[in-house]
Amino acid sequence: MAKELIGTIKTPQMEERTEVWAEEQADCWRIFLLDPDENRQDTEHCAKSAVEALVLACNIWGTEEWDLRLADEG
Numbered sequence: 014m015a016k017e018l019i020g021t022i023k024t025p026q027m028e029e030r031t032e033v034w035a036e037e038q039a040d041c042w043r044i045f046l047l048d049p050d051e052n053r054q055d056t057e058h059c060a061k062s063a064v065e066a067l068v069l070a071c072n073i074w075g076t077e078e079w080d081l082r083l084a085d086e087g
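Read left to right, the sequence shown gives residues 14 to 87 (my numbering).
If you're looking for bench data, these hints aren't it; they were derived computationally from the structure.
From the three backbone atoms N, C-alpha and C, an ideal C-beta is built for every residue, glycine too.
Possibly wrong hints are sitting among the right ones.
Unchecked claim - Here are the computed distance ranges between Cβ atoms for each label pair:
1) 80 with 40: 29 to 35 Å
2) 75 with 54: 16 to 22 Å
3) 57 with 24: 30 to 36 Å
Please put together the full structure from these sequences, using the hints given.
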């Protein structure tokens, strides 16, 4: 299974930034969050490709509230 780092998010409720990842699964790219302690939080968000997962993440977390910062690879 391939994994791609999309970027990081941070809100006032979070002490540290949380990574946003996309992981290739059988039928889609599943988006999940990974906190600094490496605790994984799966989301219901799924895309057909890594690029679509990046766009989806921007639509979901690309607000001032979430402060999405894209990874260099993104």
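Quiz item: Checked against the structure, which of the hints given earlier come out wrong?
Solution: 3
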